[in-house]
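Asks: Listed below are the residues making up each chain.
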Amino acid sequence: MAPKKLAVIAEEMSIGSAAQQLLDRWLAGFPFGGTIHARAFDEVILHAPAGAWDGEVARRVTDFGLRTVPSATAAVEGSAAAAVIPAGSGVQPSGSLHEVLRCPSTEGRRCFVHGVLAEDGAIARSAVNLARSRNVTLFCGGALPFTWRLPPADVPHGAEAREVLIVAVGDAEGAYLAATDALLALAARRKGGEAGIRRIRALEGKAVWKAGDEGEWSKKLLAAALSRSDTPQGNGAAESRPEELVESGLVSSLAREPAACLFEHADGFRSSVLLLNGVVADFNFACEVVKDGEKRFVSSQLYRPCAPATHELSALAAAVNAFFGGGPPPWPPERSILHAGLLDVLRRARTRPGDRIETGDLQVAFSVPEPSTFPAV
Amino acid sequence: MQPPSNPSSPPDPLPLRPRGLTRRRFLRTVVGAAAAFGAVHAGASLAAADSSGKDAPKSSPQAPAEKASPAQRKKIALIATEVRKYSHAQHFLDRFLEGYGWHGEHHASSVELASLYVDQFPEGDLSRERERRRGVKIYPTIAEALTLGGAKLAVDGVVIIGEHGDYPSNAKGQKLYPRYRFHREVMKVFEASGKAAPVFNDKHLSTDWGECRQMVADASRLGFPYLAGSSLPVTWRIPSLEIPLGTPLEESLCVAYGGVDSYDIHGLESAQCLSERRAGGEVGVRAVHAARGARAWDLLLARNTTSRLLLAALSRSHTITPAEGYTCAVPTLSHAKKHCPEPTVYIVEHLDGFRTTLVLANGLVQDFNCAVKLKEKDEVLSCQMHLPMPPRISTLADFFNPLVNNVEEMIVTGKAPYPVERTLLMSGVVIFAVESLYRGEVRLLTPELDVAYAAPEASHHWRA
Chain A
81 MAPKKLAVIA EEMSIGSAAQ QLLDRWLAGF PFGGTIHARA FDEVILHAPA
131 GAWDGEVARR VTDFGLRTVP SATAAVEGSA AAAVIPAGSG VQPSGSLHEV
181 LRCPSTEGRR CFVHGVLAED GAIARSAVNL ARSRNVTLFC GGALPFTWRL
231 PPADVPHGAE AREVLIVAVG DAEGAYLAAT DALLALAARR KGGEAGIRRI
281 RALEGKAVWK AGDEGEWSKK LLAAALSRSD TPQGNGAAES RPEELVESGL
331 VSSLAREPAA CLFEHADGFR SSVLLLNGVV ADFNFACEVV KDGEKRFVSS
381 QLYRPCAPAT HELSALAAAV NAFFGGGPPP WPPERSILHA GLLDVLRRAR
431 TRPGDRIETG DLQVAFSVPE PSTFPAV
Chain B
96 MQPPSNPSSP PDPLPLRPRG LTRRRFLRTV VGAAAAFGAV HAGASLAAAD
146 SSGKDAPKSS PQAPAEKASP AQRKKIALIA TEVRKYSHAQ HFLDRFLEGY
196 GWHGEHHASS VELASLYVDQ FPEGDLSRER ERRRGVKIYP TIAEALTLGG
246 AKLAVDGVVI IGEHGDYPSN AKGQKLYPRY RFHREVMKVF EASGKAAPVF
296 NDKHLSTDWG ECRQMVADAS RLGFPYLAGS SLPVTWRIPS LEIPLGTPLE
346 ESLCVAYGGV DSYDIHGLES AQCLSERRAG GEVGVRAVHA ARGARAWDLL
396 LARNTTSRLL LAALSRSHTI TPAEGYTCAV PTLSHAKKHC PEPTVYIVEH
446 LDGFRTTLVL ANGLVQDFNC AVKLKEKDEV LSCQMHLPMP PRISTLADFF
496 NPLVNNVEEM IVTGKAPYPV ERTLLMSGVV IFAVESLYRG EVRLLTPELD
546 VAYAAPEASH HWRA
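Protein chains in written order, with our numbering: chain A, 81 to 457; chain B, 96 to 559.
The following block holds chain A by itself, in its conformation from the complex (with noise of 0.2 Å):
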């Protein structure tokens, strides 16, 4: 029987990129869910581009027999499964994946893809209808919607909901890219899936608030995000002091170049993320649903465990691995169309602070399985 092999594309390499801590799980297995993921292919081999990272390869070239290959299509040559891993945890898009996709030997296989799919909804969508014709089954996206969430709360599938709000830190680029694949996975789930965005609008500094104060964005859902983080700054940071930090005002205070984007979704469904640097420190969010006829939100932090191991990535690695194993991806490509769409106009956005933009082809509408992507075990 042949080895099954993996073929890893990182275009971008160094210790504690999601790139090294995927390819370790997949050499040297990993814990999660309460046992050990065994390695899962015979063989690993890697096109990475050279670099300080080198010694680094030696090691696993040692320790675990990884292969290394000089191009993308040497790496998936042969190979049961390819991973397609951008510069910047995902956040630049793949200038491998066309060429992982073309490669003949990839043609019926299983190829994820790290944070987004491209660079626009359009080139998106045609690497979606190029894996289509080479029967090329597509997983795309972060670690956000697979880690756990502190208490483990879903928006309740099929669910009347109305708004939802994450809480996010970091630089914009990734902190965007992160919670809006986290948005996706929540506000996919409500009740008639996905209905794709018609608006998009950028704000920054005291827009953010004036927003809040209009409305625009719900100071509820704010204050319900906000209670579950175990970071806030100011006095929390200054003496480890909790308090409220929403309607005392702290939290305008606290923001440093504090900026949201908006979302108004074809189906009236409104979602915001906001970014939140020296407010908190980690990634929370609140929706408002409606059960039963009475108004509720639903509130969780998105853990994201501590450095060297950020253990969020065996959250992504297991669901990758089941992927691989002939499992159904976690949600169709229409998703990763959505999302690769709205980041390249929320780029836009950025730039016009405070218009509305159309979005014209995001009207992408898709439904998402009933099971929670987060660990429930």
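Read the hints as simulated data drawn from the structure, not as lab findings.
Among the hints, a few may not be true.
Heads up, incomplete: computed chain B residues facing chain A, CB under 10 Å, no partners named [claimed, not checked]: (1) Tyr181; (2) Asp189; (3) Gly196; (4) Ala407.
Non-contacting residues of chain A with respect to chain B, defined by C-beta distances greater than 10 Å in every case (computed) [claimed, not checked]: (5) Pro129; (6) His178; (7) Arg212; (8) Gly406; (9) Asp441; (10) Gln443.
Source: prediction; values computed, not measured.
We treat Cβ as the ideally placed atom computed from N, Cα and C, and that holds for glycine.
Following the hints, complete the assembly by docking chain B onto the known chain A.
Replies: Then chain B, alone, in the frame of chain A:
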């Protein structure tokens, strides 16, 4: 708890279902039942439910502490060793004064912090700033804090935080925190007033078994609700695991970090809050054996089940020290021995044959992870007791939120949500483990630890 100043020296599922439950139903009970549909907001209560939105079994309610208007709130006194950033008393005091995140909102305390007694005022003291800014008076004696300067008990609850501060240690390395002294002062006021109030004691009761027994006996004698112990049993669990009450269990283990007579109580209570739910309930402890280094590894590896539980618990850790050049470790016994050549291990033999093992694995992990083997089944349950510990991964020690909320619940309802006997027994285990180490790592018979009790049906860990 706070990070140990010197972790190397003393400072702090593969589920098995019980008979009669299908695997699916059992898994839903142990994990899914603890999952939460969402948060409570705007005063609307929401029953715990699984992620599909279906109602969870009624055996696992977690209602927030009853709310009262400011004028109706019951008054409490907080008795502290010291109040500085990251001291236990600071975490409690600030949550009573400022509120904390709970059930998806900022929860204002259900009780009013009416008075303070602070034993020491080190550099960095925060109690006087709290007194000035929030108007909570610091009294010079415990009696005055309880009587609010009057002649009789004038508060509805007492919170004793005898952790941290400059206190001497004895020859066995136990830090002689004044918990029993504080307790006695409180009892004197109760006795003089002819009435008592609910009392919470943070962490283990005392370093002396007789004093531990006396403290619990006082609660029975004077008839006040008594709650004690660690925040570990009530914090988040990853995953949100609970043992169905009455499940036949064989053995449990907690692998943690920290020191003897410090973090050991947290690890022991982590395991015990699961173990006490076994069929027959807790019946007491027959013997305690503690060891360090190579002898500790010998004890750990002497039994296959214990080794298996260690690996299962380690598989829940998010902090295993990786090999050089790597970031994520796959737990194996050889990896564990390499990175933790000098563990401290407590073997606890219960009177019904059940065993508990505590592993303080400094150098290997920096979190608390538990595993339990079910009896006559080849399956193991495991979870991490999640501590968002500042400053490493948080700014707030939010694992105190559920502990403070349980204290509030006791004071508001007049009922301790879980039995103080858990902490009494685990205090005894700590005392005898310290003694075992002091006497040369010998196995000690512990007829004194015949503490039997039944766990409550409801779960009390944080899950919504």
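Asks: Please go over all the hints and tell whether each is borne out by the structure.
Replies: Results for each hint:
About 6 Å separates the beta-carbon of Tyr181(B) from the nearest beta-carbon of chain A, less than 10 Å, and the hint is met. The beta carbon of Asp189(B) comes within 5 Å of a beta carbon in chain A, closer than 10 Å, and the hint placing it at the interface holds. The restraint placing Gly196(B) at the interface with chain A holds, with a minimum CB-CB distance near 4 Å, inside the 10 Å limit. Interface hint at Ala407(B): satisfied, since its Cβ lies 6 Å from the closest Cβ of chain A, which is below the 10 Å cut-off.
At roughly 19 Å from the closest C-beta of chain B, the C-beta of Pro129(A) stays outside 10 Å, upholding its exclusion from the interface. Every CB of chain B lies more than 10 Å from the CB of His178(A), the least distance being 30 Å, so the non-interface label holds. Even its closest Cβ contact with chain B, about 31 Å, leaves Arg212(A) beyond 10 Å, as expected for a residue assigned away from the interface. No Cβ of chain B approaches the Cβ of Gly406(A) within 10 Å, the least distance being about 22 Å, so the stated non-interface status holds.
No beta-carbon of chain B comes within 10 Å of the beta-carbon of Asp441(A); the shortest separation is about 33 Å. The beta carbon of Gln443(A) sits about 28 Å from the closest Cβ of chain B, which is more than 10 Å, so the claim that it is off the interface holds.
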